Structure formats: C-alpha cells, structure tokens
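Protein chains: 2
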Amino acid sequence: MPEASSKAEYIVGVDLGGTKILAGVFKTPQECIGIAKLSTKPQRGVEAVIERVARCVQDAVDEADLSLKQVAGVGVGAPGAVNSDSGSVIFAPNMEGWKDVPLKKQLEKHLGIPVFVENDCNIAALGVHVTELKSKPRNLVGIFVGTGIGGGIIINGDLYSGFNHTAGEIGHMVLDVSGPKCGCGNKGCFEALASRTAIFQQIKAGIKDGEQTILTEMLGNDLADLRSGDLRKAIRRGDKFVEKIVEGAAEYIGIGIANLVNILGPEVVVVGGGVIEALEDEMMSVIVETAQDYAMPGTMKDVEIIASKLGDSAGITGGAVLARRATK
Amino acid sequence: MPEASSKAEYIVGVDLGGTKILAGVFKTPQECIGIAKLSTKPQRGVEAVIERVARCVQDAVDEADLSLKQVAGVGVGAPGAVNSDSGSVIFAPNMEGWKDVPLKKQLEKHLGIPVFVENDCNIAALGVHVTELKSKPRNLVGIFVGTGIGGGIIINGDLYSGFNHTAGEIGHMVLDVSGPKCGCGNKGCFEALASRTAIFQQIKAGIKDGEQTILTEMLGNDLADLRSGDLRKAIRRGDKFVEKIVEGAAEYIGIGIANLVNILGPEVVVVGGGVIEALEDEMMSVIVETAQDYAMPGTMKDVEIIASKLGDSAGITGGAVLARRATK
Chain F
3 MPEASSKAEY IVGVDLGGTK ILAGVFKTPQ ECIGIAKLST KPQRGVEAVI ERVARCVQDA
63 VDEADLSLKQ VAGVGVGAPG AVNSDSGSVI FAPNMEGWKD VPLKKQLEKH LGIPVFVEND
123 CNIAALGVHV TELKSKPRNL VGIFVGTGIG GGIIINGDLY SGFNHTAGEI GHMVLDVSGP
183 KCGCGNKGCF EALASRTAIF QQIKAGIKDG EQTILTEMLG NDLADLRSGD LRKAIRRGDK
243 FVEKIVEGAA EYIGIGIANL VNILGPEVVV VGGGVIEALE DEMMSVIVET AQDYAMPGTM
303 KDVEIIASKL GDSAGITGGA VLARRATK
Chain Y
3 MPEASSKAEY IVGVDLGGTK ILAGVFKTPQ ECIGIAKLST KPQRGVEAVI ERVARCVQDA
63 VDEADLSLKQ VAGVGVGAPG AVNSDSGSVI FAPNMEGWKD VPLKKQLEKH LGIPVFVEND
123 CNIAALGVHV TELKSKPRNL VGIFVGTGIG GGIIINGDLY SGFNHTAGEI GHMVLDVSGP
183 KCGCGNKGCF EALASRTAIF QQIKAGIKDG EQTILTEMLG NDLADLRSGD LRKAIRRGDK
243 FVEKIVEGAA EYIGIGIANL VNILGPEVVV VGGGVIEALE DEMMSVIVET AQDYAMPGTM
303 KDVEIIASKL GDSAGITGGA VLARRATK
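Sequence order for the protein chains is F and Y. With positions in the first sequence counted from 1, the corresponding number in my numbering is that position plus 2. With positions in the second sequence counted from 1, the corresponding number in my numbering is that position plus 2.
Since the hints were derived computationally from the structure, they do not count as laboratory data. Take the hints with a grain of salt, since some may be wrong.
Any copy will do: because identical chains look the same in the list, a pair fits if it lies in one copy or spans two.
Straight-line Cα separation of at most 25 Å, DSS-like style, residue types lysine-lysine; simulated pairs [claimed, not checked]:
#	residue 1	residue 2
1	Lys246	Lys189
2	Lys183	Lys303
3	Lys210	Lys136
4	Lys43	Lys303
5	Lys101	Lys303
6	Lys189	Lys303
Given the structure is predicted, the values throughout are model-derived calculations rather than measurements.
Full structure from sequences and hints, please.
If you want it as structure tokens, here you go:
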C-alpha cells in the first residue's frame, strides 16, 4: 500500500455512481474545500471508469488548489457489494463487467496514495452518522431513495456489512408480493414501489391513461428531462395527480421503515438521497406517520426518523470519514 | 441478587409462552435431565403466572431428583420485549396485563436463586446457535413459526436486541401490503401469511368455500383440535388442498427469509418452531428455493438455510445457555 506524505492532511471522498462520479476534498470531516464531478460512462468498460475516478479525484484536488501529495487517503463508495478488507468490488448490478474488480489496488496505482472502498450506501450512512449525528446513535439505519433504494446499517457504533458484504440491500425487500415488477425480476420490491424510477413510471403510466398534470405543460408530453424537483414544483402549483403518487411512495417508504424498525430496532432512521432532498417537505410527515402506524407497539418508542441534511454530499462525506479513520 | 450455592452445578431453562410454560433442568448445555410443563393461564393475572413459572421450575428440578440448592441459575424466555439488563418484561402482546413486569426480581423472590430473562425468540436463537451450531456462525437469523412468527438475531457472535429491546420482531414485517389482516391491525404481515394461525384460517375458509379435504374425515367438519401434525398426515395421504396451502405458507417463509438475508446478510438462517417441526419434509425445499429466487444475487452465496433439530426444546435450551453464561 502506498504511504501518504507526512504533510498530507487532506482527505478525498468519492461517490462512484452508475451515472456520475463525485469527488470532494475535505479539510475536516465537515469542511469540503473542492468538488469535482464526471459522468461515469460505465459502457466504456471497467478500466475506463477507474481512470475516470482517478481523474475526478485529481480534478477535485486541483479545484482545492492542492496537489495529491497533500492528500492522506481516498475513501470511495461503490454501488454494489464491496469487500472492504481487500477493497474489491464483488459485483455492481448497475455497472456492466464489474465483478471482482480490485478497485483499491487499481486506484492506488493511478494515484499513489492509500485508497479505501466500501458500499456506497454504507458510506453514506457512515457520513450521516459521524458528521450529522456526531456518532451518537449506537444503532442506525440509513435509507437512500434515488434511482433505486439502498441502505446502510450501523450496529453498536460500527458499519455492519454482514457475511457476504451485502447487508443493507433494503431496496429488494419485498413489500407487496403482488406489486409491480422490479428490475431484479421479483415483484413488489421496495424500490419498485418508492424509488424515483417507480414514481416516474407511475406518472408516465397515469398520463397514458389520460390523467391531467402540470408536468406536461412544464416539460412536454414525453416528460423529457423529468427530475424530482419538477414534482415538487408541480405539487406546489396544486397538481393533485402528482401529489397522490408522491404520497403513495412516501407511504411505502414508511412501511419499509416500519419493517426495518421491527427487524433491527435502530435508535435513528435517516432518510436521504435525491428524492428525499427534493421532496422532503412533501414526503416526511407521511413517511413518519405511516412508519408509526405499521411498526409494532413499543418498537418505535423514542426512535427518531429524520431527513439527512447532507443531500448529495452524503457519499463524499462518508468516503472522507472512512479514509480519515483508516489513515489515522 | 441471590447467590447460588457453591455446589450448584445445574441450570434451568424456561420457555414462558402464552399457552404453556416449559422448564428443563440441564446438566450440560446438551443434556436435559428433567422436564416439566404447565399451562400458562394468563387470564389469572401476572402474579399467578409468575407463581406458575416458579412452580414449573420446581417441578422440573424435582423431576430430575434434585433440589433448588443444586441449581446455579434460571434462564427464562418471555414472549415480548424484554429489558435483559433489568430482567423486566416491557410488554407482552399476547398476555394481558404484562407491562413493565419485573419478572427476574419476582422469580428470584420465589426461588431464591439467580434468574435471567430474555425475549423468547432471542433465547431460542441463542440455544440453536450455541448447542446446535457450536457458536460457529458470526451472524445468524432464527425464524420460529408457530401460533405467530418471531425471530432472534445473532450479530458478531452475540444476541442483538436493538434500541428498544425489540429487534427481531420479524412476524410483523409486511410482505403483502394488500394481504390478509393481521392481529396487529395491519395487513399482510409475515405471520398473517405463514403462521400456524394463518394456515389454519386458510384451511377453514377453504372448507367453507366447499373445498374437499381429508382433515374433515379425520377431525370432523369443525376441525376441532386441529394441529400442525394433522396437516402432515393429510398431505402424506395425498390431500392436495392442504398441500397447496402449506406450500403457500412455505413460499411466504422463503420470501421472508430473502428479505432478512437482503437486509441482514446472515451466514446461517435457522427455521424452527412447531410448524417447521411438524412439516419440515413438506416445507423446507420450497422455503429454500423461494428464498434463493427472491434474494438479490450475491447475497445468498454460501448462506445456509437449515431447520433446527431442537424443536420445542429450543427455548429451554437457550434459557439454560443464557443462565449458564450469566452465572459463570
């Protein structure tokens, strides 16, 4: 493993997603002083993506007016099952060809500084736990709602990843066995009911069935470039059709949380991700009420359900926390 | 806390259920040398039940030709949320009046020896983990299918009970949001789909709808005294109606396991309880196949799904393990 220079005091956190790569340079766990973003382009192959991650790290460091020599370590969140001991991505369902990829080793070759790798949602949960909640809750579940739904679990103060490094795959928890088909082949998975993808599909299906919505005025009949933020705008302009669909997704998130509270008994449940960031005001009260309705009596006592304030930065923040811990 | 006599080398494990109390005297973790059983009679009130537990312990000790002085400790599994530090039952949904009951303290007053209390399914999982699996798996989920469905979780080698001492309430994980009504008020909970209660209800509803079954020949039209073992007999005599319902329940158990594997990433999943004990041959292959179908790729690699051989003894065995650890 490469050693960092003794002058190195900065840390880089990387959020490697199926669509984009985000890198942030951190002076302290809270203070991000430079950010860079690249599209992932997974279709170009594993090697090309790894080079893009390295480039994104370098861009962020440059953005912060630093050099790589001043960086003590890089922490990467990757979208799939990760062996955090070896730093390999075991598999990443949304990135073709990603099977047993020695990401840590390859990135260290490119960058010449220590690299640490974890699952992206685990890292986001770690970021929220350490920087937003000051590591106070002993047990925490993080739920991140975006294109899909993923989770990260903190147990007894530490990240918990289970036997196959796959714990927290909450997006494929079945909530409605006769529900809509999921990308994984099953029916009624959490993410087939409440992810951005699921919400957009319901809206498009409704329009086909003749429902009226402001969204078609805003974006045209094909809803090109529809984003979560557009849903917020539509709801605030009184669009009952969009409101109903978003509330339905919030109810499923509440049911998913109730299941997780019944199973795991966490002290805090944190929800985050792009959908929550855009629609927090519209969704949180429904999420909390539904979770309380569905959880067993006694399980929800003093349990907090909160929306993360970190938004899109949860991944890079958590990556930096991981690398800072590992290089200390 | 009372101290045990230095000659005390035996341990008593108690399984306190809503219907019956079972107590067993253990010479070693594997060797049970005396058993006693009493009905619980929860309608007589909390005090009366505690006296019956004490009597059941004394009966078991007498059955083993021992005296209480030779017992180092008693471990009790109680059906509800238990604060294992204080030994209090926080609440027990199936036993009226059981709210903040200092079970440990009261039993110690009756028996004069140290008593330790845990949730019944946690204790059963502990019993299976230690005596049947020799404490080998680091992470384990135990699923116990009887009148209801309960779970116990071992994480990093230890019992995990979460923030409110309620972790493992897997029976109220929603699997089918539009499914049959559950005793808890929600719809489509795991135990409303796959418990003995759910199976019996489906059979009775089918008979009402004119389905033909050997069970009515065996037990009369009202199916008085129907037991899980009768289902096994009916299936072995070629009863397709009963077979289909039991297979349906097994499928739901498989889906429940897939959810738990996705969330918790255990190394071993153990299923037990009266329904599994009676119908292991009829259910296990369907359970395992369905779980593999529904779990995310990679999560199930090398994960074992096994039926416990402890049967009805899991509770008393686990109770003895708990007390033996605590008195050492």
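Here is how each hint holds up against the structure:
Taking identical chains as interchangeable, the C-alpha atoms of Lys246 and Lys189 lie at most 25 Å apart whether they share a chain (22 Å) or sit on different chains (21 Å). Within a single copy, Lys183 and Lys303 get their C-alpha atoms only as close as 34 Å, which misses the 25 Å cut-off; across copies the closest is 24 Å, which meets it. Taking CA atoms no more than 25 Å apart as the test, Lys210 paired with Lys136 passes in neither setting, with 47 Å inside one copy and 59 Å between copies. For the identical chains of this complex, Lys43 and Lys303 are neighbours neither inside a copy (45 Å) nor across copies (29 Å), given an alpha-carbon limit of 25 Å.
Taking CA atoms no more than 25 Å apart as the test, Lys101 paired with Lys303 passes between copies only; the shortest distance there is 14 Å, against 42 Å inside one copy. When the C-alpha separation of Lys189 and Lys303 is checked against a cutoff of 25 Å, the pair qualifies only between copies, where the shortest distance is 22 Å, while the shortest distance within a copy is 32 Å.
Of the numbered hints given earlier, the model fails hints 3, 4; all others are met.
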